[in-house]
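Please model the entire structure based on the sequences and the hints provided.
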Amino acid sequence: MLNKLEQQREDRVPKYLSLKGRMQHEHQKDSCARSFPVPRFRRRRPCLAACGNDDNGTTGASEEGKSTEAGSENASQGEPVNNGGSVYYLNFKPEADQAWQDLAKTYTEQTGVEVKVVTAASGEYDNTLTAEMDKSSAPTMFQIGNKGAVETWGEYALDLTGTDVVKEMTTDDFNLYDGDKLVSIGYCYEAFGIIVNKALLEQAGHSVDEIKDFASLKAIADEIHGKAEELGFDAFTSAGLDRSSSWRFSGHLINMPLFYEFRDDNVTDQPATIKGTYMENFKNIWDLYITDSATTGAALASATGDQAEAEFGNGKAVFYQNGTWEYANLTGTFGMKPEDLTMIPIYCGVDGEEKAGLCCGTENCWAVNANAKQEDIDATLAFMKWVVTSEEGTTMMAEQFGPCPFKNAKTPENVFFAAANDYTAKGNYVVTWAFNWEPAVDDFRAAVVDAMTKYTAGQGEWDEVVKAAVDNWATLYAKDHA
Amino acid sequence: MKTKRFLPVKILGCVAGGALLLFGLLASLNVFSHVKGNATAEKLADLFESDTGAWVRASIMLLGLLLIALVLNNVDLKAKGGNTLNSRLVRTPIKRMFPLFLLPTFAAFCIGFLYPFVKGLFLSFTQFKLTRNWEWNGLQNYSTIFQDKGFTHAFWYTALFTVASLVVINVLAFAVAYALTRGIRGSNVFRTVFFMPNLIGGIVLGYIWSTIFEGILINFDTSLVLESKFGFWGLLILMAWQQIGYMMIIYIAGIQAVPEDIIEAAKIDGASAWKTLWHVTIPNVMPSITICTFLTLTNSFKLFDQNVALTGGRPFDGDVHTTEMLALNIYRALYETKKSRGPGQAKAVVFFVLVAVISIVQLSATRKKEVQQ
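So the protein sequences, as listed, match chains F and H.
The first sequence begins at 1 in the working numbering and counts up one residue at a time.
The second sequence begins at 1 in the working numbering and counts up one residue at a time.
Keep in mind that the hints were calculated from the coordinates and are not lab data.
Misleading hints may appear alongside valid ones.
Calculated lysine-lysine pairs in the BS3-like style (CA-CA distance at most 30 Å, straight line) [as the list claims (entries may be wrong)]:
no., chain 1, residue 1, chain 2, residue 2
1, H, Lys267, H, Lys368
2, F, Lys467, H, Lys229
3, F, Lys147, H, Lys339
4, H, Lys149, F, Lys479
5, H, Lys129, F, Lys373
6, H, Lys339, H, Lys302
7, F, Lys275, F, Lys147
8, H, Lys36, F, Lys479
9, H, Lys338, F, Lys275
10, F, Lys337, F, Lys355
11, H, Lys338, F, Lys181
12, F, Lys93, H, Lys339
13, F, Lys93, H, Lys338
14, H, Lys119, F, Lys135
15, H, Lys339, F, Lys373
16, H, Lys338, F, Lys479
As structure tokens, then:
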């Protein structure tokens, strides 16, 4: 009981607690300002004679005083230069906080440019961003990760077209546009699907190659669930609907019906309504999750994400729906062997799904605050370029975020990405992240989760889930565009 | 006599202070940069509405307020001649220094309440994403919120919960307090134990109780977030558990202050225990009842943490979050869609008016019943 409570306290970080976090950040900001005095009276003046020495624009911390005068005019954009501007990055991945803090410190040591990294509490990014953007010292660099965020924050974002950091990119696929304006750039990508414990699957007398579509997945899962007691493990981890876990379904699993519907209808931008054509397939896979598992029925209403992770990590289940980001935890915290792990596509009984790949996309997209001071914008762009080109930056990015779409990016060791690449290499289609078009994300997901909870506990019909998705999409979209 | 001589000074000071205050306020609300095609306004916007001008704006407003306070107060004091303190030696220095004594509290009040309130009131008439970037929207926000089913539901739900918790908490708290003033062995231990839940924060309490309730309900194959009645009674139990101890302390103080001689007189007159309680004790603890009803009323009306942590408004019924109270509804509105912040702010203003009116009415109504000793 106590254990569960602790989990919940960690998982369900209450919304308004982030206020405290903000206050701490404020405090940090103050102390930063004291310990890293930045020359105050900087004006942008035309080039003086000193410019000549400074052509390449790279100046160390020791030369700070000399270079600052002309820095912002002179430095070619994107070079690490101390022009007196500073960087304030609002990070939204709590797990990467330490890595960012360390990287920021390294950068400050090397260039003298102050980099402040603030991390929003889990699930609190939007609230924190709203509060921070209202301040006079707003973040210069933040995330705009989906359509809803582009709608809200697009007007505050700098058009990144033609910046040095964009020139370093290998693909435009993960970038977000508002019309022609390049609002944010995808700095890494992720994949999700069904994580499989191959060792357990073999123990049950099957192999991953047998799973080719929904029917074969169901057959194997049913069989494992049938003899769960004698095997000592079950087919699926608990499909918990506590908010620490429900995003896996209201965000990620629902991607399947959305993706197929949009593919059929050639939808290329956030639609005002959805039809729910493939909601029956959503039901197929959901029913499988909640039947072939040790935890079923109303107990799922309060089952947490940590519970599911622990079940998989401790070898109590063969299948676990989650993403590439789980790799570090599974191999680290739970000490699973990488060779036992792989990821398969989510099959839900759609025609032709044997050719499906993993769900690849990202919500990790950097945007730059267009309203920041010019020298801060310059400093931010320079920092971004440094992160994706320098040895320290690329190492950290590969460790924390996996494969990144930049020329100098390092290859991460993560078997899930290898699996994703295998599927693409075999010519399978990539399932894109259609759920990034969910309108008013939090409310949409909450409504879907609520209906799914009732259905799962046997107190509601599947129709209500369909209704929750279809109706809420329409009403929330309308509210957003009223 | 002297008042007349100071009248022009008074008026002048007030007008000047008011002008300063208004100017600072307008600049803070970024009104000048919203005026189109006026050179003066643009200049003022440049000067006072920059990001770095916050201190300037604050100082202007504070100066205005202080000017008003100074003029009114100083003139009044001199006119009255003062009769509260007799020695001039004590009175004059304190009088002269009054802004100094006033400043910390006054500044805190302005920063923590007055300014946010005025700004919030202003923003409720606008459409905004960031508070410094608004668009005037007139009364539009107010008309939309009353068509919002979720909001009206939250209002009635809150009202219902407030009534229920008011009765439950006060009756139980009084009963416990009454029992613990009868001279039972270990009264102090009981008092401490009953008071302890108060020391735990609302969010933590919410999660603890949700774990407890889920643990029980799971045996019946259901969950707290599946039926609204569970959410309602769960919240009531939680609040009662948390608040009874606090109210109990206030009632104990009240009961102990009932004069012994009245009770003794009642006993001699042959009043039963029940009659003594009803006709002697309760009228005498009326001040405590006033305080406690006031506290439980506002506490329940403003309830937020426990509501978030226990059910978060679930289960839903279409647009309506069935166990969502007003504060949570308002909070959610701020982040719902990019267009919902203006209406959210309007909800907050309506909420403020409600809480204020209810509290004032309640306070004045109970005050009348108090026994003057």
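Structure-based check of all given hints:
{"no.": "1", "hint": "Lys267/H with Lys368/H", "in the structure": "holds, 27 Å"}
{"no.": "2", "hint": "Lys467/F with Lys229/H", "in the structure": "holds, 23 Å"}
{"no.": "3", "hint": "Lys147/F with Lys339/H", "in the structure": "holds, 15 Å"}
{"no.": "4", "hint": "Lys149/H with Lys479/F", "in the structure": "holds, 14 Å"}
{"no.": "5", "hint": "Lys129/H with Lys373/F", "in the structure": "holds, 21 Å"}
{"no.": "6", "hint": "Lys339/H with Lys302/H", "in the structure": "holds, 24 Å"}
{"no.": "7", "hint": "Lys275/F with Lys147/F", "in the structure": "holds, 19 Å"}
{"no.": "8", "hint": "Lys36/H with Lys479/F", "in the structure": "holds, 29 Å"}
{"no.": "9", "hint": "Lys338/H with Lys275/F", "in the structure": "holds, 24 Å"}
{"no.": "10", "hint": "Lys337/F with Lys355/F", "in the structure": "holds, 28 Å"}
{"no.": "11", "hint": "Lys338/H with Lys181/F", "in the structure": "holds, 20 Å"}
{"no.": "12", "hint": "Lys93/F with Lys339/H", "in the structure": "holds, 26 Å"}
{"no.": "13", "hint": "Lys93/F with Lys338/H", "in the structure": "holds, 23 Å"}
{"no.": "14", "hint": "Lys119/H with Lys135/F", "in the structure": "holds, 15 Å"}
{"no.": "15", "hint": "Lys339/H with Lys373/F", "in the structure": "holds, 27 Å"}
{"no.": "16", "hint": "Lys338/H with Lys479/F", "in the structure": "holds, 8 Å"}
The structure agrees with every numbered hint stated previously.
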